[in-house]
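Trainee: Chain by chain, the residues:
Protein chains: 2
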Amino acid sequence: MTQKSLEICFTPAAFEAHADSEAVVVVVDVLRATSSICTAFANGVREIIPVATVEEAREMKARGYLLAAERDGYILDFADFGNSPFNFSPERVRGRSVAYSTTNGTGIMKQAAVCHDVVIGSWLNLSALCKWIEGQDRKVVIVCAGWKKRFSLEDAVCAGAIAERLLESGRFSTICDSVHAATDLWNVARNDLLGYIEKAAQRSRLRDKGLDDCIPYCHTFDVTDVIPVLRGDRLVAL
Amino acid sequence: MTQKSLEICFTPAAFEAHADSEAVVVVVDVLRATSSICTAFANGVREIIPVATVEEAREMKARGYLLAAERDGYILDFADFGNSPFNFSPERVRGRSVAYSTTNGTGIMKQAAVCHDVVIGSWLNLSALCKWIEGQDRKVVIVCAGWKKRFSLEDAVCAGAIAERLLESGRFSTICDSVHAATDLWNVARNDLLGYIEKAAQRSRLRDKGLDDCIPYCHTFDVTDVIPVLRGDRLVAL
Numbered sequence: 002m003t004q005k006s007l008e009i010c011f012t013p014a015a016f017e018a019h020a021d022s023e024a025v026v027v028v029v030d031v032l033r034a035t036s037s038i039c040t041a042f043a044n045g046v047r048e049i050i051p052v053a054t055v056e057e058a059r060e061m062k063a064r065g066y067l068l069a070a071e072r073d074g075y076i077l078d079f080a081d082f083g084n085s086p087f088n089f090s091p092e093r094v095r096g097r098s099v100a101y102s103t104t105n106g107t108g109i110m111k112q113a114a115v116c117h118d119v120v121i122g123s124w125l126n127l128s129a130l131c132k133w134i135e136g137q138d139r140k141v142v143i144v145c146a147g148w149k150k151r152f153s154l155e156d157a158v159c160a161g162a163i164a165e166r167l168l169e170s171g172r173f174s175t176i177c178d179s180v181h182a183a184t185d186l187w188n189v190a191r192n193d194l195l196g197y198i199e200k201a202a203q204r205s206r207l208r209d210k211g212l213d214d215c216i217p218y219c220h221t222f223d224v225t226d227v228i229p230v231l232r233g234d235r236l237v238a239l
Numbered sequence: 002m003t004q005k006s007l008e009i010c011f012t013p014a015a016f017e018a019h020a021d022s023e024a025v026v027v028v029v030d031v032l033r034a035t036s037s038i039c040t041a042f043a044n045g046v047r048e049i050i051p052v053a054t055v056e057e058a059r060e061m062k063a064r065g066y067l068l069a070a071e072r073d074g075y076i077l078d079f080a081d082f083g084n085s086p087f088n089f090s091p092e093r094v095r096g097r098s099v100a101y102s103t104t105n106g107t108g109i110m111k112q113a114a115v116c117h118d119v120v121i122g123s124w125l126n127l128s129a130l131c132k133w134i135e136g137q138d139r140k141v142v143i144v145c146a147g148w149k150k151r152f153s154l155e156d157a158v159c160a161g162a163i164a165e166r167l168l169e170s171g172r173f174s175t176i177c178d179s180v181h182a183a184t185d186l187w188n189v190a191r192n193d194l195l196g197y198i199e200k201a202a203q204r205s206r207l208r209d210k211g212l213d214d215c216i217p218y219c220h221t222f223d224v225t226d227v228i229p230v231l232r233g234d235r236l237v238a239l
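So the sequence lines, in the order shown, correspond to chains Y and D.
Oh and the first sequence: position 227 is 228 in this note's numbering, straight run, nothing missing.
Oh and the second sequence: position 19 is 20 in this note's numbering, straight run, nothing missing.
The hints are simulated quantities; they were obtained by calculation from the structure and are not laboratory data.
Hints may contain errors.
The list treats identical chains as interchangeable, and a pair is accepted whether it falls inside one copy or across any two copies.
Stated by the list, open to error - SDA-like cross-link-like pairs, simulated, lysine to any residue; straight-line CA separation at most 20 Å:
#, residue 1, residue 2
1, Lys-140, Asp-78
2, Lys-149, Glu-17
3, Lys-200, Ile-176
4, Lys-200, Gln-4
5, Lys-150, Ala-18
6, Lys-149, Ala-20
7, Lys-150, Gln-112
8, Lys-149, Asp-73
9, Lys-140, Ala-129
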């Protein structure tokens, strides 16, 4: 196999510059959407339907779906629960179809659907995800969900760790500056990942709302082997 | 003075999320637009009119302006010269009005014109620029021109150096993740700045076109005290 190209896109606002119908896109939204999605599949959810807007979320609830939905860290009042990974417990989600809408993460999943495959990345499934990607023989674009079009440190560091792993496999090469930056940030952070994430704006936002209990969990390596992948309008486990 | 907020925007694609009519915007396009602009003012240019499109560039030439214009490193065939800082020599530019259009840098200058002030930043004028900004008592947004909406390493590192200097003044604080990332990258790069920039995509692009002779110069600190600022549709020296 020839080496395939590896790119990172730090914000959905720049996704157009990276979009490629032949690429595998990895969506990363560490705090908290992609960590929660990995957790839901580890806990036996049947499928997750990402919905971008509040109106779509309301409609899915009316159609009988279990609904996880928040904006800016607040649960939408008609939703069943919000965006903490701890909400997606086996008792709640096993065998169920869940509609899911968040501030940042779910919008980019729909935006990336033009690409060959869209998979969900987090610290929780990093090794399994990288192993699967290495077998695909395709260009890879890791997209950081960020925060309202802005760069997010916790997503960039996780993207850097994924990129480093992929480059180490020898199956990828890169001429993408974001990959160099993200792997350098990961190497700054790696010896004290939680300490490094202390300065992330999202860490403060979650603390201010009392939602930061999940942060250590969201930065735990390899809790699960699940690889959520977008098939049509919904995420299923590979 | 209370501390003012400091942000970095890594790509013009995300500028909307950072735009603020009360802010001072610093545009950074190290290779090569903002380095060339600082050089031009150091060499006595009277004013520089940034133009975003090829059509506007053609029109300015027809109106009698000296025209510096390139796309993807190639001089537009009707332009007087291209985007190397070495083109903006005293013999050529002293006392002249120059219309200027580049692949990335000049577009964001026009986009940022909604903000309170737009100034031009580079390694060449870093200390003078920071000293002036510290006296403004305003929110600051440093915008990296990047490459066709993508993140550029050389701009991020320069933005990080500017941000570090501003934070050290005690007059600014930040809750912007891009500032943390950029200052960390600057600290990775600072002991061997030119060596670090070797991996930047723009470094390779310029080498491939034989245009990389200006790279060491573009990474030289404090060659000039000029601070180019946008006034209406043109840049003048403060």
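Trainee: Now, for every hint given, state plainly whether the structure supports it.
Mentor: These are the hints, each one checked on the structure:
Taking identical chains as interchangeable, the C-alpha atoms of Lys-140 and Asp-78 are never at most 20 Å apart, the minima being 40 Å within one chain and 35 Å between chains. For the identical chains of this complex, Lys-149 and Glu-17 are neighbours both inside a copy (16 Å) and across copies (10 Å), given an alpha-carbon limit of 20 Å. With identical chains, the CA atoms of Lys-200 and Ile-176 are at most 20 Å apart between copies only, with a shortest distance of 8 Å across copies and 29 Å within one. With identical chains, the CA atoms of Lys-200 and Gln-4 are at most 20 Å apart between copies only, with a shortest distance of 18 Å across copies and 35 Å within one.
In the homo-oligomer, the alpha carbons of Lys-150 and Ala-18 lie at most 20 Å apart both inside one protomer (14 Å) and across protomers (6 Å), since each shortest distance falls under that limit. Within a single copy, Lys-149 and Ala-20 get their C-alpha atoms as close as 19 Å, and across copies as close as 13 Å, so both meet the 20 Å cut-off. Taking the closest pair of Cα atoms, Lys-150 and Gln-112 come within 20 Å of each other both inside a single copy (13 Å) and across two copies (17 Å). Taking CA atoms no more than 20 Å apart as the test, Lys-149 paired with Asp-73 passes inside one copy only; the shortest distance there is 10 Å, against 30 Å between copies.
In the homo-oligomer, the alpha carbons of Lys-140 and Ala-129 lie at most 20 Å apart inside one protomer (18 Å), although the nearest pairing across protomers, at 44 Å, exceeds that limit.
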